[in-house]
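Peer 1: Taken in sequence, the protein lines are chains A and B.
All residue numbers for the first sequence refer to our numbering, where the first residue is 5 and numbers rise by one.
All residue numbers for the second sequence refer to our numbering, where the first residue is 95 and numbers rise by one.
Since the hints were derived computationally from the structure, they do not count as laboratory data.
We put the beta carbon where it would ideally sit given N, CA and C, even for glycine.
Among the hints, a few may not be true.
[Stated by the list, open to error] Covered by chain B, according to a simulated footprint, are these stretches of chain A (three or more residues, beta-carbon under 8 Å):
| no. | stretch |
| --- | --- |
| 1 | 36-50 |
| 2 | 63-73 |
[What the hints assert, rightly or not] Some residues of chain A that are not near chain B, with every Cβ distance over 10 Å (derived):
| no. | residue |
| --- | --- |
| 3 | M5 |
| 4 | T15 |
| 5 | L16 |
| 6 | T24 |
| 7 | G30 |
| 8 | K31 |
| 9 | I32 |
| 10 | L59 |
| 11 | C84 |
| 12 | D91 |
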Amino acid sequence: MDIKKSAIAGTLESSDAQVTVEPGNGKIDFSLDSTVIHQFGNQIRATVLETLKRLGVSNVKITVVDRGALDCTLKARVECAVFRANDQTENLPWGGAIK
Amino acid sequence: MKNQVGREIPDELLKQYGKKVFSGSFVRSEDTYQKTGPCVHNYIDPTQSKMVSSIHEALVKCKIHDGMVLSFHHHFRDGDKIVNMVMEEVAKMGVKDITICASSLGSAHDPVAKLIEDGVVTGIQTSGVRGKIGEAISHGKLKNPAIIRSHGGRVRAIEEGDVHIDIAFIGAPTSDEYGNARGVGGKSDCGVLSYAMVDAKYADRVVVVTDCMVPFPNYPASISMTDVDYVCKVDCIGDPNKIVSNAVRMTKDVRELNMAHYCTQLIAESPYFKDGFSFQTGAGGASLAVNTMLRPIMEEKNIHMSFAIGGITKPICDLLEAGLVRNIVDAQDFDLGSIESLKNDANHYEISTSAYANPMNKGAFVNRLDFVILGALEVDVNFNVNVVTGSNGVLRGAPGGHPDTAAGSKCSIMVAPLIRGRIPTVCDQVVTVVTPGEDVDIVVTDYGIAINPRRQDLIEAYKDSNLPFCTIEELRDKAYAIVGTPEQVQFKDKVVGILEARDGSILDVIREVKPFEFKD
Numbered sequence: 005m006d007i008k009k010s011a012i013a014g015t016l017e018s019s020d021a022q023v024t025v026e027p028g029n030g031k032i033d034f035s036l037d038s039t040v041i042h043q044f045g046n047q048i049r050a051t052v053l054e055t056l057k058r059l060g061v062s063n064v065k066i067t068v069v070d071r072g073a074l075d076c077t078l079k080a081r082v083e084c085a086v087f088r089a090n091d092q093t094e095n096l097p098w099g100g101a102i103k
Numbered sequence: 095m096k097n098q099v100g101r102e103i104p105d106e107l108l109k110q111y112g113k114k115v116f117s118g119s120f121v122r123s124e125d126t127y128q129k130t131g132p133c134v135h136n137y138i139d140p141t142q143s144k145m146v147s148s149i150h151e152a153l154v155k156c157k158i159h160d161g162m163v164l165s166f167h168h169h170f171r172d173g174d175k176i177v178n179m180v181m182e183e184v185a186k187m188g189v190k191d192i193t194i195c196a197s198s199l200g201s202a203h204d205p206v207a208k209l210i211e212d213g214v215v216t217g218i219q220t221s222g223v224r225g226k227i228g229e230a231i232s233h234g235k236l237k238n239p240a241i242i243r244s245h246g247g248r249v250r251a252i253e254e255g256d257v258h259i260d261i262a263f264i265g266a267p268t269s270d271e272y273g274n275a276r277g278v279g280g281k282s283d284c285g286v287l288s289y290a291m292v293d294a295k296y297a298d299r300v301v302v303v304t305d306c307m308v309p310f311p312n313y314p315a316s317i318s319m320t321d322v323d324y325v326c327k328v329d330c331i332g333d334p335n336k337i338v339s340n341a342v343r344m345t346k347d348v349r350e351l352n353m354a355h356y357c358t359q360l361i362a363e364s365p366y367f368k369d370g371f372s373f374q375t376g377a378g379g380a381s382l383a384v385n386t387m388l389r390p391i392m393e394e395k396n397i398h399m400s401f402a403i404g405g406i407t408k409p410i411c412d413l414l415e416a417g418l419v420r421n422i423v424d425a426q427d428f429d430l431g432s433i434e435s436l437k438n439d440a441n442h443y444e445i446s447t448s449a450y451a452n453p454m455n456k457g458a459f460v461n462r463l464d465f466v467i468l469g470a471l472e473v474d475v476n477f478n479v480n481v482v483t484g485s486n487g488v489l490r491g492a493p494g495g496h497p498d499t500a501a502g503s504k505c506s507i508m509v510a511p512l513i514r515g516r517i518p519t520v521c522d523q524v525v526t527v528v529t530p531g532e533d534v535d536i537v538v539t540d541y542g543i544a545i546n547p548r549r550q551d552l553i554e555a556y557k558d559s560n561l562p563f564c565t566i567e568e569l570r571d572k573a574y575a576i577v578g579t580p581e582q583v584q585f586k587d588k589v590v591g592i593l594e595a596r597d598g599s600i601l602d603v604i605r606e607v608k609p610f611e612f613k614d
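Can you make the complete structure from the sequences, with help from the hints?
Peer 2: This is the structure:
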């Protein structure tokens, strides 16, 4: 999928993450701010990159501001941001690209 | 060299400080030692006055100079103005290389962080650090490693001469002109002056700082004129609103109430729950709720508490008033209700921190404790507890009486939610060992209760209980199944803090924090 415009999903509440996607420069540009970066930084990056791969996104600037979200939350926020960047809010591929 | 809780303590540190590694909570039980003492400046001349007109004058008269050790107490908690008042003046006078030996430091003392950067303060010895001072220490700004001790361990260190206090500044709500000081009365009522009692006895110079002078004699005195060099009257020693709470909040959080219920049942079903039992709780949500939950069970079974101890709050004073608690021994007050009780109830006593928790005197109250309920940031599978370093590795907490009461009591109960945000409380290895696992008996979480296998007697005692017992490993596994397996916080090599065990041996070290870097 392409990132057609900037989009955002999630909040800065505890146990949530705010994910922002913007059109990229031909690659995945990942940045992370997390309250649990020491314990889970690598795991958060892996989860986000895996989710982008599943959605077929390879050209994006993605910024994650994490407040201790679990992996399931991170995935949901990334998926939501990517579909919002495509203005797609109906006919979402539940069980397909969205696990 | 590795110590008994598996922590690597650098040999050069042991040599530099003449310390041993921790090798068990009670290994010094056969030890003797010579107490140290202060250099006394007498008042044989009855015409001499102790009054000084400013902190500046007090410092001059005490011959302040580079390299001195200044001490403070923390009965004014986040409302304290004494530390900043004194240290500002010290800095203004151009003095450097000061060690602050405090019973605790909080966010009220953030300005000290700047003095650390400026080299005015080069040493910190305390039973708690929060705010910017903790950050400065963890980022390697303090010249010498900070030394963190429990409340009892601090008294021991002063009495054994590990640290010698040059000048003690004792903030007191009331004082007379000859230095009899009390924790009650005045504008900054804090109840007791327990933490400052050892400072008064062992510092070369003792300066009482008050904002309320009262007629002589201010009795019964918490700090006696026999130990006081100078009395300094200032405008304001503290912010009453931050010294004590109007009322401690009773939790409505169902998770905390659930854990409080578990703790209450553990106490009620234990072999130690009988007439004359003793108990310490803190001001934390779950532990405070236990007070209230225990009451109907005590009434029903006609069981009375011989003494309650610790940081005192109104709920425990209510039990005293109701006759369910026979005595309160008080080393700190957290709310207005507890101070009122101290003033009015004959069975509510002020005690010294030595009487509370000093491991090397001839017997402290903690040794007579049946139950203590304590919080924990982290507990590892060996039951070691961390309460001082946060999940980012930064110093931001207080051992306080945690290691003392855990070691002294017959049954120490740690209560904490299994996970906080994404951080698992029960884990493979805590960041910093503050209370060694051998002193931790039961861990209560919202997902189950683990008894330390060292306490087979307790495991046996609860064998018919309906409480949700499991192993500590099972608790860890439950936590990791939800949040994932955490990686260890990465540190630089430089030691920025020494975590001293109660007996003065080294339990752990705190290292300089390192910014996170992704793998590969």
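Peer 1: Can you list which hints this structure breaks, lowest number first?
Peer 2: Of the numbered hints given earlier, the structure breaks none, since each of them holds.
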